[in-house]
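Enquirer: Okay, here's what each chain looks like letter by letter:
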Amino acid sequence: MTKREFKRLFSNKIVLLDGGMGTLLQKYGMPGGVCPEKWASENPDILRKAHSGYVEAGSDIIYTFTFGANPIKLGDFGLSGETYEINKRLAVIARETARSALVAGDISSCGSLLMPFGGIEFETAVNCFKEQVRGLVAGGVDLFVIETMMDIQEARAALIAVKELCNLPVMVTMTFEGERTLMGSDPVSALVTLQSLGADAVGCNCSSGPAEMVDLIRKMKPYAKVPLIAKPNAGKPRLESGHTVFEMDADNFSSYCQILVEAGVNGIGGCCGTTPEFIRKINELRKNLKPVSVERKPYSVVCSNRKFVEIHPSLPFTVIGERLNPTGKKALKEAILNEDMDYIAEIAREQSEAGAVLLDVNAGVPGVDEKKVLPAMVEAVNNAVAAPVLLDSSDPEALEAALRIYPGRAVINSISGEKEKLEKLLPLAKKYGAMFVLLPVNDAGVPKSAEERIKIIREVYQEAKKSGFSKEDILVDGLVMTVASEQSAAIETLKVISWCSNRFRVNTTIGLSNVSFGLPAREFINTSFLMMAVSSGLSTAIMNPCNENIMQVVRASDVLLARDKNAINYIKFYSGKTKTGNENPQKKEKSLYDAIVDGDRDAARELTRQELISGKLPKDIIDTILIPAIQKVGDLYENKEYFLPQLIRGAEALESAMAVLEPEIEKDKTADPEKSGTVVIATVKGDVHDIGKNIAAMLLRNYGFNVIDLGKDVDSQVIIEAAKENNADIIALSALMTTTMGQMPRVMEMVKQEGLSCKMLVGGAVLDKNFAESFGAFYASDAYSGVKLAQQLVKK
Amino acid sequence: MREIRVMKALRPDYNKNLIYTRLGYRKNTTRLSQDERDNIDYLVELTENTLNIVAAYRIVDILNISSPYILLEDGTRLKGEKLSELLNGCHQALIMFATGGPKVIELIEKLQNEGRLSDAVVVDAAASEITDSALDVVMAHVGRNIRPLGQALTKMRFSPGYGDFDLPQQAELFRLLDAGKFGVSLNEAFMLTPEKSVFAVAGITKMKMGGTDDQKGIQKAVQQ
Chain L
36 MTKREFKRLF
46 SNKIVLLDGG
56 MGTLLQKYGM
66 PGGVCPEKWA
76 SENPDILRKA
86 HSGYVEAGSD
96 IIYTFTFGAN
106 PIKLGDFGLS
116 GETYEINKRL
126 AVIARETARS
136 ALVAGDISSC
146 GSLLMPFGGI
156 EFETAVNCFK
166 EQVRGLVAGG
176 VDLFVIETMM
186 DIQEARAALI
196 AVKELCNLPV
206 MVTMTFEGER
216 TLMGSDPVSA
226 LVTLQSLGAD
236 AVGCNCSSGP
246 AEMVDLIRKM
256 KPYAKVPLIA
266 KPNAGKPRLE
276 SGHTVFEMDA
286 DNFSSYCQIL
296 VEAGVNGIGG
306 CCGTTPEFIR
316 KINELRKNLK
326 PVSVERKPYS
336 VVCSNRKFVE
346 IHPSLPFTVI
356 GERLNPTGKK
366 ALKEAILNED
376 MDYIAEIARE
386 QSEAGAVLLD
396 VNAGVPGVDE
406 KKVLPAMVEA
416 VNNAVAAPVL
426 LDSSDPEALE
436 AALRIYPGRA
446 VINSISGEKE
456 KLEKLLPLAK
466 KYGAMFVLLP
476 VNDAGVPKSA
486 EERIKIIREV
496 YQEAKKSGFS
506 KEDILVDGLV
516 MTVASEQSAA
526 IETLKVISWC
536 SNRFRVNTTI
546 GLSNVSFGLP
556 AREFINTSFL
566 MMAVSSGLST
576 AIMNPCNENI
586 MQVVRASDVL
596 LARDKNAINY
606 IKFYSGKTKT
616 GNENPQKKEK
626 SLYDAIVDGD
636 RDAARELTRQ
646 ELISGKLPKD
656 IIDTILIPAI
666 QKVGDLYENK
676 EYFLPQLIRG
686 AEALESAMAV
696 LEPEIEKDKT
706 ADPEKSGTVV
716 IATVKGDVHD
726 IGKNIAAMLL
736 RNYGFNVIDL
746 GKDVDSQVII
756 EAAKENNADI
766 IALSALMTTT
776 MGQMPRVMEM
786 VKQEGLSCKM
796 LVGGAVLDKN
806 FAESFGAFYA
816 SDAYSGVKLA
826 QQLVKK
Chain W
114 MREIRVMKAL
124 RPDYNKNLIY
134 TRLGYRKNTT
144 RLSQDERDNI
154 DYLVELTENT
164 LNIVAAYRIV
174 DILNISSPYI
184 LLEDGTRLKG
194 EKLSELLNGC
204 HQALIMFATG
214 GPKVIELIEK
224 LQNEGRLSDA
234 VVVDAAASEI
244 TDSALDVVMA
254 HVGRNIRPLG
264 QALTKMRFSP
274 GYGDFDLPQQ
284 AELFRLLDAG
294 KFGVSLNEAF
304 MLTPEKSVFA
314 VAGITKMKMG
324 GTDDQKGIQK
334 AVQQ
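For the record, the sequence lines run as chains L and W.
Residue numbers 36 to 831, in the numbering used here, belong to the letters of the first sequence in order.
Residue numbers 114 to 337, in the numbering used here, belong to the letters of the second sequence in order.
Accuracy of the hints is not assured; some may be wrong.
[Said to hold, decoys possible] Quick list of simulated restraints, FRET-style, between CB atoms:
no.: 1; chain 1: W; residue 1: Lys129; chain 2: L; residue 2: Ala694; range: 29 to 35 Å
no.: 2; chain 1: W; residue 1: Arg190; chain 2: L; residue 2: Gln788; range: 35 to 41 Å
no.: 3; chain 1: L; residue 1: Lys260; chain 2: W; residue 2: Arg115; range: 38 to 44 Å
no.: 4; chain 1: L; residue 1: Lys260; chain 2: W; residue 2: Glu219; range: 43 to 49 Å
no.: 5; chain 1: L; residue 1: Asn674; chain 2: W; residue 2: Arg115; range: 50 to 56 Å
no.: 6; chain 1: W; residue 1: Glu158; chain 2: L; residue 2: Asp655; range: 39 to 45 Å
no.: 7; chain 1: L; residue 1: Glu709; chain 2: W; residue 2: Asp279; range: 45 to 51 Å
no.: 8; chain 1: W; residue 1: Asn128; chain 2: L; residue 2: Asn287; range: 46 to 52 Å
no.: 9; chain 1: L; residue 1: Val801; chain 2: W; residue 2: Asn128; range: 19 to 25 Å
no.: 10; chain 1: W; residue 1: Asp279; chain 2: L; residue 2: Lys702; range: 53 to 59 Å
no.: 11; chain 1: W; residue 1: Lys223; chain 2: L; residue 2: Arg538; range: 50 to 56 Å
no.: 12; chain 1: L; residue 1: Asp655; chain 2: W; residue 2: Glu219; range: 37 to 43 Å
no.: 13; chain 1: L; residue 1: Leu200; chain 2: W; residue 2: Glu219; range: 46 to 52 Å
If you are wondering where the hints come from, they were derived from the structure by calculation, not from laboratory data.
Glycine included, C-beta positions come from ideal geometry on N, C-alpha and C.
Here chain W stands alone, though its shape is the one from the complex:
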């Protein structure tokens, strides 16, 4: 199998609106003063500075897909109809994870202990969103590296716990990425510690170049 690649000190670009959405903000309905917005922005920035995001990924060959089962090169079998659909036509899977580290969890607990639950809930939402965005960085990085090889990533990625790609499969991804090395652990209910940790799977497909522009011209050039 290919080696596990690690990405550290990530500061992903994230969509702040999605943090507001996680907190129940409704555009044109929720009334929010500038002071409240400033406070939330401050807490989001504090979260950003407290997170210590580490991500890891591994590209694994797909041997066979027979929905709902996906067989990987090392014999790992993942299960999920939607996941099979996502990986259909892909010759490889990108297995990835990101963790925000323990400090942000300590911050959330500290805020709660100080009676600042309203601030804790903002940090909690921001930490989830920003950590998840680290997987966008992983995908962009891998996508850029495989493009010159005529390969592309699926646009979507799936995480265990959603749909029929159930949570216990987190253990398979945990093993494939040796996530324990990065200070992450999995409890008996397949929950991750530190909490702000996420696994996901995307597919890699071989591409053929198309195009409507000067296809004929090129073919002619090659024939000359």
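Chain L extracted, bound-state conformation:
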């Protein structure tokens, strides 16, 4: 079957696929624990009956029963050497049974995880699937289906395996647990990755019933350039007397047919728990259904394996992080030379947190093997952040190595009009479905005028178009030259951007900081030029996202040019800054009492200073403001109106206020508030989890206790000695585990032996009141109730 014939098949009808094979064969008697494919090849009559059921029910395409017939999975049964034969035989059986239906060679997961999740290398997986593909082609399949994939990288490996061995159409369906695959891909990223890489249909199967798939299909449809397919389970499986029963019957299942089609499905079948009866019902219904056409979004879309990014002049400006380019960066050069991928990951994180949505990655350091290091950098970046990448290299081998292992849709930076580069890089972009930055340079060099650059842009686009690229697949580089050497350079770049945006209607980018090279106070030039370029229609810029001044321009211009609809991003960013105290706290006009109750540390500090300046005595501030405020926080916590972080935040605000008062109290000891009592606090021997104990210590200090904090994993003898030395009123102990709580009665025994008069207060996840009382201790269920109890104990 040709790709064109495949496209025609889906052009005007809902294509009917088959239903579940594994569950059907299990019903027919395939025993548990055997190799399913081997069993089927040895029981061809039963397999034929299963296939025939679907053919008779009306399936246009049936799948070979080769779901797990790859060498890795067959290896679990000692059968990897039979991969070719098993696949060929099962394909032949399907072909003999199919009559006029088409036969799709079925490939699924190898059962082991690919790197970075597991130990299987990408090329090992590609070669594993190739062995299966060879057998299926020899068995006469008409097309391929790659199904039930949890990891987009494994789906890519299988798709590349098919594409490198034959030209048959390939359908790829991922399996989603809720809104993402198990390895974290959302439906749009999965679709964009697979259709760019050459899948002829994309969709979802297994894991869920038809209702859950409607939303997945709806999300994919506006981005789909290929038909979408859905093969749901017959609802959720449940156990009934040792039997697996799926919750939906054929009528219920097929009732979702129309809604799936309305969501955008072009092909429907069933997965686990569905039978020929289900397919028959859909066949009756599909006669009245036609594929819907949904307007496709006109955006350029790139993605990693877990995030997609849309680029368009009407959308918020796309910031591309420039800091993974070693030019002029000594530390990064060192990191690349030493292959220090932790450093690379850290820079990726910093840029991503600062607002970069794409990251430019460049391994161009003299003496570095780019073919080896660029893929390693890309892997490190992808493991660290979700942002998709631009592969910044002119080395075709390095680019291919990185494109091959990148589990999303990357951007090649860049392809120019230079003949040799065009001939080498365009096919690469095509093979791996990458977008590319079009650099308006040719063999004659860098053209100065906008007109010359536009001519090259047109020429390169015409070449790209012949290979099947559209304008959405291209970002034109406006080619920024430094104004220090040629002052009209910026104007020419702006002309190119304006033409691309308004006339040619293609997305654009610039390497922003080039414009100011060689000049002092570069930031002013960069910021001004960015504003001018954005107003000319610039879609993206390769820039430093950690420069807050430039990022402010980006956020503001998005509002002014209506790219940030209703200024939602702007308001979210800046309103948060004001309220979380990153700006001047005096603006808020809140009282010190409110600052403590709100847990606002900065305001509490500043307002305490103001109270002192106004002449209030430290003791008065504590008695009339701070204590009532922290008691209010405690009340709110007790009433569950506050939860733990808010309780602690209140305590932290109180501590910051006390830090202002303490020097004043030191000057005048009479101002020192009387301590409530002395508490020696520790996490018991063997217990290393101390965050709960630290919360209790802070709250006790808040409430006026003198707290001696001994830390975690503290020997009993050390606790006793500290209690004696400080004449403690209370020993407070924390233990998280059943294996460490036994230390508490031991400490109590030592307290008695030493004749100490102090009380013991205990707390921790596994403790209860009975345990505490069994050795004469008092039990606190949480840090705050511990403080309340401590107050009562010192009164007694």
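Following the hints, put chain W in place on chain L, whose structure we already have.
Expert: Frame of chain L, contents of chain W only:
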């Protein structure tokens, strides 16, 4: 015994509400401003980016269950009435663990040292929840692999330290998964370092396909 399988760089889907619940949040009662919520969401995301989750699992044959004892193929004997109940009817056990790695613990300590205990407590809760969710990924992955073989996992899993499946048995699971290889250690009180590490056991059962739909039709088809 079957080999230990390792899963790295996991970013499990997790239920953010459960992180709030761990921190004592009560729906319709706790008052939380948008800024506070944004801050918590930021800290959860920071946790997610700091965690370096590695998980490992091993499928082990169950030789015998005589409550409360479960005898595994290598002679390991686990004990627990509830665990025996969970594994009842299972021919294999899935032994699994996940660790969030040391960096998130360093982050929690750093926040505490900076006087940001309120932030540390959020990161602590998020790290626990997300690491635990990695075991959901392990179970989903194994479940998907064994389904074509006519096998299924129990819905529940048990971790040492809960009920009568006591903490010292963590040492048995530690040994079965050779967890020391992954930078995890167990102290004399059977506590794990890094702290955000968790072991669990689930069962694997052989399934028979049932169904109420067209059972008769299928039987007829096979007979033809």
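Enquirer: Between W/Arg190 and L/Gln788, does the C-beta distance stay in 35 to 41 Å?
Expert: holds, 39 Å
Enquirer: CB of W/Asp279 to CB of L/Lys702, is that within 53 to 59 Å?
Expert: Holds - the Cβ-Cβ distance for W/Asp279 and L/Lys702, about 56 Å, lies within 53 to 59 Å.
Enquirer: When you take the CB atoms of W/Lys223 and L/Arg538, is the distance between them in 50 to 56 Å?
Expert: Distance hint for W/Lys223, L/Arg538 holds at roughly 53 Å.
Enquirer: Mind checking the hinted window 46 to 52 Å against the Cβ distance between W/Asn128 and L/Asn287?
Expert: Violated - the Cβ-Cβ distance for W/Asn128 and L/Asn287, about 28 Å, lies outside 46 to 52 Å.
Enquirer: So the hint says 38 to 44 Å: do the beta-carbon atoms of L/Lys260 and W/Arg115 match that?
Expert: holds, 43 Å
Enquirer: Mind checking the hinted window 46 to 52 Å against the Cβ distance between L/Leu200 and W/Glu219?
Expert: holds, 48 Å
Enquirer: Do the Cβ positions of W/Glu158 and L/Asp655 conform to the proposed distance bound of 39 to 45 Å?
Expert: holds, 43 Å
Enquirer: Within 45 to 51 Å: is that where the Cβ-Cβ distance between L/Glu709 and W/Asp279 falls?
Expert: The hinted range 45 to 51 Å holds for L/Glu709 and W/Asp279, with Cβ atoms some 46 Å apart.
Enquirer: Is 19 to 25 Å a correct range for the gap between the Cβ atoms of L/Val801 and W/Asn128?
Expert: Taking Cβ atoms as reference, L/Val801 and W/Asn128 lie about 24 Å apart, which means the hint holds.
Enquirer: May I ask you to test the hint 50 to 56 Å on the CB atoms belonging to L/Asn674 and W/Arg115?
Expert: holds, 53 Å
Enquirer: Quick check: does the Cβ-Cβ distance between L/Lys260 and W/Glu219 fall within 43 to 49 Å?
Expert: holds, 45 Å
Enquirer: For L/Asp655 and W/Glu219, compare the CB-CB distance with the range 37 to 43 Å and indicate the outcome.
Expert: holds, 42 Å
Of the numbered hints stated above, the single one contradicted by the structure is hint 8.
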